[in-house]
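Respectively, the protein sequence lines represent chains P and E.
For reference, each letter of the first sequence is one residue, going 1268 to 1459 in the working numbering.
For reference, each letter of the second sequence is one residue, going 5 to 279 in the working numbering.
No wet-lab data here; the hints were simulated from the structure.
Please note that the accuracy of each hint is not assured.
Stated by the list, open to error - Straight-line distance between alpha carbons at most 16 angstroms, and here's what the computed EDC-like set of lysine to aspartate or glutamate pairs gives:
#1 E/Lys68 - P/Asp1354
#2 P/Lys1360 - E/Asp48
#3 E/Lys68 - P/Glu1425
#4 P/Lys1447 - E/Asp77
#5 E/Lys133 - E/Glu147
#6 E/Lys67 - P/Glu1276
Claimed, not checked - So the derived list for chain P, only partly shown, Cβ under 10 angstroms to chain E, looks like this:
#7 Cys1356
#8 Gln1397
#9 Leu1415
To be verified - Here are some of the chain E residues that sit facing chain P, going by a computed Cβ distance under 7 angstroms:
#10 Pro14
#11 Leu15
#12 Thr22
#13 Leu46
#14 Ala52
#15 Pro54
#16 Thr58
#17 Val66
#18 Ala76
#19 Leu132
#20 Ala137
Beta carbons are placed, not taken as given, at the ideal position from N, Cα and C, and that holds for glycine.
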Amino acid sequence: MGQVDVTDESLLARAAAGDASALEALYDRYAPVVMGLALKMIGDRAAAEEIVQETFWRVWRNADAFRAQRGTATSWLFGIARNLIIDLCRRRKVRPQPAQSEDEARRVESAADPDSDVPESAWTSIKRRQVRAAMAQLPAAQRRVIELAYFGGMTRQEIAQAIGEPLGTVHTRARLALQKLRESLQAQGFED
Amino acid sequence: MDERIEELFPLYALGALTDEERAQVDAYVSVNPDARARLAELVDAAAAVPFGVTPVEPSPDVKKALMERVQADVLVPFAPARPVEPSRARSWRAALFRPLPLLAGASLLAAILAVVWAISLNAEVTRLKQENAALTAQVDDLEAQNAVLQQELLAREQVIALLSSPGVRAMAIAGTEHQPGASGQLIADPRNQSGVLVVTGLSTLPAGQVYQFWLIDEGVPVGAGTFSVDEQGDAVLEVTASAPIGSFDAMGVSIEPEGGSEQPTGNIVMLGTMS
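Pulled out of the complex, with its shape left as it was, chain P reads as follows:
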């Protein structure tokens, strides 16, 4: 059952108090996003599913460590997932895959789970369209910096080397990209 009206923060507070159903609600809400992120960066379905399970296990065990003043619940949750993905890539001595195409990602997707939560899927679908629209509005050079940093797991020095520009240019493009992304999402009514 969908619980879109229940905030992520209240679900985290309930999970911190030992309420497993709150974790399940968070899983239903965000597991497909985490899975999509892991697949995009790793390209390996089995490993991506391990990342999903470990991400939500850590959410369960560390929910009481979440602090709203440091960012939203999704920035915390996706940060856990992204760190796990980058750690896995380092252990495997491979680079995350920032440029994997959507076609490639779709090839490793399975048919949708028939028990998947329809209201939650519609909710994430709206967010996906909003973020894609906002990303599409960015100049290609700024979008590239976001992709190399977020999905490619590169440091700023590595990004500068990859695009053949000085560090200052990387800083400027990243700042402009995030500012534009934020403004565009706000204009579309995107909710964190």
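Fit chain E to the known structure of chain P by using the hints.
What follows is chain E alone, placed relative to chain P:
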């Protein structure tokens, strides 16, 4: 506003900084609430990025395995922060369902009703405990925020001035075998006698004990301040040394009685060099 550090904010939000650079940003925002708010805006914008990826349903087995793991966790009395006491609840139920002597007629009915009532009461108690835990967590959070703000007011100007110094460096300090998960940085200009120690991953200590930071010169430790960590194991300590930081060879953190010691007496939990 320190532009040299704030220009790192977008790359911090995108996870593209080294550990050393992250520590510098963490130290800066820990004493600058306005900067922390500016950083949070970028962090939240970056957090939207994964929503643009095509979502994929994991196999149902993933959720099943996760929830089995979680249920097993609920039944094990592990969690320091979890208020519900499942082991007690389980033994309570076990006691109720122990083989009973044969009861007849009204006695049996009364016993069944008592069990039903007790189960519903237990559920209510569990619910109230969960609500209480959530409220307690909120109060703790507000108290922690207040403490942080008080500390920030005292330390902000001095730390910002330090971090703005062109000669500032971050020197790594790591956990020993006693606390291998600990890590941190001493951020200082080696030519000066002051700096900021930022640590994370240390255990909280029982009442009456503190962590003490030592600067070590040719094997001789000199006390440079005591500190406690928050519930996440984080702490920021303003360090004032008796000589320029760069004149010391090494640094360490030990566990000492409240008030600190003349020489380390407890376990050395972190060590690092000035190189």
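Right, here's what the structure says about each hint:
no.: 1; hint: E/Lys68 - P/Asp1354; result: violated (25 angstroms)
no.: 2; hint: P/Lys1360 - E/Asp48; result: violated (29 angstroms)
no.: 3; hint: E/Lys68 - P/Glu1425; result: violated (39 angstroms)
no.: 4; hint: P/Lys1447 - E/Asp77; result: violated (43 angstroms)
no.: 5; hint: E/Lys133 - E/Glu147; result: violated (21 angstroms)
no.: 6; hint: E/Lys67 - P/Glu1276; result: violated (21 angstroms)
no.: 7; hint: Cys1356; result: violated (13 angstroms)
no.: 8; hint: Gln1397; result: holds (8 angstroms)
no.: 9; hint: Leu1415; result: holds (8 angstroms)
no.: 10; hint: Pro14; result: holds (4 angstroms)
no.: 11; hint: Leu15; result: holds (5 angstroms)
no.: 12; hint: Thr22; result: holds (6 angstroms)
no.: 13; hint: Leu46; result: holds (5 angstroms)
no.: 14; hint: Ala52; result: holds (5 angstroms)
no.: 15; hint: Pro54; result: holds (5 angstroms)
no.: 16; hint: Thr58; result: holds (5 angstroms)
no.: 17; hint: Val66; result: holds (5 angstroms)
no.: 18; hint: Ala76; result: violated (11 angstroms)
no.: 19; hint: Leu132; result: violated (11 angstroms)
no.: 20; hint: Ala137; result: holds (4 angstroms)
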